[in-house]
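4 protein chains.
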Amino acid sequence: MSDAGLALKLLQLNASAPFNRWAGFEIVSAEPGRVELRMEWKDDAAQYQGFLHAGLVGALIDTACGFAAFTQAGPVLASHFQVNCLAPAVGVVFHCKGEVLKAGKRQIFTRAELHAESKDGIRKLVATGETILMTT
Amino acid sequence: MSDAGLALKLLQLNASAPFNRWAGFEIVSAEPGRVELRMEWKDDAAQYQGFLHAGLVGALIDTACGFAAFTQAGPVLASHFQVNCLAPAVGVVFHCKGEVLKAGKRQIFTRAELHAESKDGIRKLVATGETILMTT
Amino acid sequence: MSDAGLALKLLQLNASAPFNRWAGFEIVSAEPGRVELRMEWKDDAAQYQGFLHAGLVGALIDTACGFAAFTQAGPVLASHFQVNCLAPAVGVVFHCKGEVLKAGKRQIFTRAELHAESKDGIRKLVATGETILMTT
Amino acid sequence: MSDAGLALKLLQLNASAPFNRWAGFEIVSAEPGRVELRMEWKDDAAQYQGFLHAGLVGALIDTACGFAAFTQAGPVLASHFQVNCLAPAVGVVFHCKGEVLKAGKRQIFTRAELHAESKDGIRKLVATGETILMTT
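Chains as they are written, first to last, in the working numbering: chain X, 1 to 136; chain Y, 1001 to 1136; chain C, 2001 to 2136; chain R, 3001 to 3136.
These aren't lab readings, by the way, just hints derived from the structure by calculation.
Glycine included, each C-beta is placed from N, C-alpha and C at the ideal position.
One should not assume that every hint holds.
Derived coverage of chain C by chain Y (criterion: at least 3 residues anywhere in the stretch with Cβ under 8 Å from a Cβ of chain Y; other residues may be distant) [as the list claims (entries may be wrong)]:
(1) 2080-2086
(2) 2123-2133
Here are the computed distance ranges between Cβ atoms for each label pair [to be verified]:
(3) C:2123 / Y:1105: 20 to 28 Å
(4) R:3031 / X:33: 24 to 32 Å
(5) R:3125 / C:2042: 28 to 36 Å
(6) C:2093 / Y:1105: 24 to 32 Å
(7) X:43 / R:3090: 47 to 55 Å
(8) C:2002 / Y:1092: 38 to 46 Å
(9) R:3074 / Y:1049: 44 to 52 Å
(10) X:72 / C:2106: 14 to 22 Å
(11) R:3125 / X:92: 32 to 40 Å
(12) R:3120 / X:16: 42 to 50 Å
(13) C:2016 / Y:1074: 49 to 57 Å
(14) C:2125 / X:4: 49 to 57 Å
(15) X:106 / R:3049: 15 to 23 Å
Can you make the complete structure from the sequences, with help from the hints?
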């Protein structure tokens, strides 16, 4: 599939997920094995101190990883994901890059990095994560 | 602190988190080292197949673990969390029990189980997870 | 397969692994979905402070989980394992219980607890862990 | 500390760990935030199929991560580690690179890659892992 074809498929997949629409996940780029997402800050996404909620941190990482896996293996289901919270997730925009580490016949290993962008445009690594997905 | 005092603190904490309010997380019970949450299904919480989004699965597990840690250590910050997706998270209500495994001076190790309840009231284990939190 | 048959199979499996023999892993009990191992302290198993090396902690957890999975799914291969180091692993004997959390057709989710036993016979939880295994 | 000073400290640390000596872990290179280890195959390190035992895979990853953390934070203790088994660990030499992802005041986040080298000198990525360490 061409990169444009991949991007189109992912746009449809992303648009078909109600939570992704609510959260405002946007696909920035997609190529085989790599996908980048962005999400603008929204007040409803905060935990009690005003940082991005761990659920959203996890959702971004899981989605970037899942989309990266999709580019190589088609429909997949996450069976395990894990997140390192390196710094408070504070920013006006969040950027999440997912990539495939190893695509096997049954399992896809992926990892992602999440950067928070401040008002001044400075990006900071705030979380990393990994996801294991099963082919379907 | 009494169990009633703990419950009150957690209710305030939960109410102060915009994402928890949006998602509809409710505290069902709280005692030292153990907290149970519930969340009713909402359409905006779905991923593309209509299951509960992994982000919400993670948010429930992270929140139940964080609240359980709070009962023993006060304010804490998650540094790592991981989730096993055992079965599709499909149900009308979700129940998440978090418990403290080990509370150290600096780190709190916790784990949680997430059950999905069907229309018929049948509960099924759909995910397990663990969170490591730092005292503040 | 009977519990005795299971135990026999596991004894053969354990005896066929050179590292298990070197480390001195012994099977204490086996039933469908649950296996318990023990290992006596040996000086070569120490890290630099004299505690049981994390590699051995991981090996015990991985082996107890793998054997528990074997009782339900036959030959399996670990694809992911993780370990929480709750306390220094110091003792004269180590006891590791592994159990199956969910056995699917392709993936088996397992978890384990590692206790260290002191000279006085007191057991302390020093590590927990989880392993995801693939059927073969 | 100079890179030579770091290397010397790590050589002493490595030599002081009985299990590292038994396994034959050697330090290949060390600089702030990065350490590379190697280990030659030995028959006692095998699991039942003749691959490198998961305990050794974990030990290499844990040690490379711990040494990388040591270069930036001095003495540390692992509190969590996890390993992705991407391919059977088969080879005559194993190479493990550990690096610091984020060094905080209390926690150090690290990751590592393990390559197996065949008789023909071909290296293959067989495992990745992450370790969270606490400063002491």
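Violating hint indices (sorted, rising): none
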